[in-house]
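Engineer: Please construct the entire structure, taking both the sequences and the accompanying hints into account.
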Amino acid sequence: MKRVQINLLNVGIILVIVGLAIGIYYIYIYNLKTSQQNIEFQNFVQNIQNLENTITTFQGNYFIRLSVPNDVIIYYANNSIVLNYNNNNYSITFNNYNISLYNNNSEINYLLYPNEIYFIKSNNHIYITNNYNESEYLIDNNTYNMIINSNNSNNIISSNDCLYNYTGQTSWNWGDVNGDSYLPPIGNQGTCGDCWAWSAAYAIASNYMIYNNLPNLSLYLSPTEIAVNCNVGNPNSPGYCQDVMGCLGGLPYQGIQFSEEYGIGTDNNYNTYYQELADCSTNISNYPGDVCGQSYSIPNNNIYVPDSEQYLASGFLDSEEAIGPGGQLAALPPSGDLSTQQIKQDLLCYGPLSISGFLGGLSNQDTSYYLEATGHATLLVGFNDNSNICQEEYNQPGCWIIQNEWGQQSACIIVVYNTTNYYDTTPLLIPNNMISIQSCSQLFLNQNFCNYYVQKVLGSGYNCGGVYWMNNGYIYVPYNSTPYGQSLPYYIISINNVTYIS
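Anchor point for the sequence shown: position 379 equals 379 in the UniProt record's numbering, and the numbering is continuous, going up by one each time.
Please keep in mind that the hints were generated in silico from the structure rather than gathered at the bench.
Just so you know, not all the hints are guaranteed correct.
[Said to hold, decoys possible] Pair ranges (Cβ atoms, derived):
id: 1; residue 1: Asn212; residue 2: Thr419; range: 31 to 39 angstroms
id: 2; residue 1: Gln442; residue 2: Glu116; range: 49 to 57 angstroms
id: 3; residue 1: Val82; residue 2: Asn212; range: 32 to 40 angstroms
Glycine included, each C-beta is placed from N, C-alpha and C at the ideal position.
Structural biologist: Okay, structure coming up:
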């Protein structure tokens with residue numbers, strides 16, 4: 001009997017000790033979790049403060065998405081953003097800016113526990129919403145017609161946070177920074193119209209190399225993964241991919257946002273893409289549907305994850321002012337809301353920029369040409385104010401240098417359109433062993449001659465919409481090259497750091 005009592009006593013002591021240990025463990029876990037949440041919140045506050053500093057110095061439109069820690073309430077008071085967390089308020093003031101919180105196309109007083117927020121800056125107004133579709137609405141209705149004076153020296157950012165500051169450099173190329181390249185290998189999208197996915201993959205790869213100081217890495221990231229999975233025809237696509245149509249087009253922003261959420265894996269030599277998508281040319285009758293019947297599993301390791309992205313310029317076309325009678329383009333807001341000088345600064349400050357726009361480069365463009373039908377997306381990597389190539393091709397020396405995804409070749413690019421269907425456009429590539437840059441220049445300078453050339457090749461019913469020179473896979477685009485202003489680049493997106501997850 002006594003022996004049993006001793007054993008029970010021992011068991012009781014052990015249970016008490018175990019109970020105390022479990023209690024201490026849970027207290028430790030709770031304190032650790034609370035500490036981590038506090039750190040996350042402090043980092044979030046710091047991000048908002050940094051954003052305030054950026055916005056007050058940044059000229060032009062600004063768009064950024066930020067993740068929000070748990071249990072945060074955001075509201076507006078006394079010209080300040082107020083962040084409420086654990087019954088404490090933190091105020092951040094945006095001087096000289098009006099601030100509006102938005103939801104369902106109307107102003108609201110607060111955002112209750114948002115998972116993420118979108119900042120849109122336009123002129124002296126800042127709009128904040130927790131809904132992506134709302135952010136598109138705000139951009140579309142508030143920023144399309146902004147113009148920055150290219151002669152205003154205040155357009156120049158001078159920030160210690162920039163990779164490089166613009167100090168009047170006449171040339172720059174992220175493919176040759178003191179002999180090192182921070183650009184991914186050039187690919188070939190083939191017949192699939194997923195240039196938007198290539199632009200996103202290019203931008204993520206190049207910015208990873210820059211922010212991690214890994215030049216000459218030859219990093220192949222997978223446009224296939226983005227095009228197949230961020231696509232209205234994929235039932236598992238997130239909501240922000242519902243206006244993306246795989247090989248029928250999309251915008252790079254959605255591809256970058258998808259990679260933020262899921263990451264993007266590698267595709268050595270783009271082999272998977274060439275096997276699955278390069279020959280895919282779906283048509284509108286397939287949608288909603290998949291991308292040529294392809295599926296692509298998303299890896300959960302060995303992926304590259306952008307930290308965040310921001311619209312630096314977004315010239316969304318206004319359907320009434322920009323599109324004239326008969327669906328033809330009447331006018332285009334110039335330069336994607338940014339001056340040439342500002343775009344140069346952004347390129348040095350943020351690294352290679354994911355861009356999209358319209359291929360309408362001709363010296364005497366016929367304004368009946370439906371420019372919006374010629375959308376293309378790729379990567380802005382440099383500029384040169386004194387380019388021999390540009391002088392020969394466009395009779396002006398200043399050019400953007402744009403990494404394309406039509407193979408590593410030199411060619412004269414002629415954008416051809418059907419005169420009875422302005423939506424029917426296609427790029428015609430004539431290799432440099434069949435046409436010289438001097439002859440390509442004559443096509444650019446004389447639209448009648450270009451029309452004659454196109455009709456000799458394709459027959460009547462086709463005209464010339466734009467002419468460019470591509471050198472070893474890089475398109476050289478003159479500054480403000482069209483009667484519409486700077487049509488490419490037009491939409492401009494930067495990426496803020498990229499993390500590798502093994």
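Engineer: Does each hint hold? Answer for all of them.
Structural biologist: Now for the hints, and whether the structure bears them out:
Judged by the Cβ atoms, the range 31 to 39 angstroms given for Asn212 and Thr419 is violated: they are separated by roughly 50 angstroms. Between Gln442 and Glu116 the Cβ separation comes to about 51 angstroms, which falls inside the hinted range of 49 to 57 angstroms. The beta-carbon spacing between Val82 and Asn212, approximately 36 angstroms, falls within the hinted interval of 32 to 40 angstroms.
Consistency note: the structure conflicts with earlier hint 1 alone.
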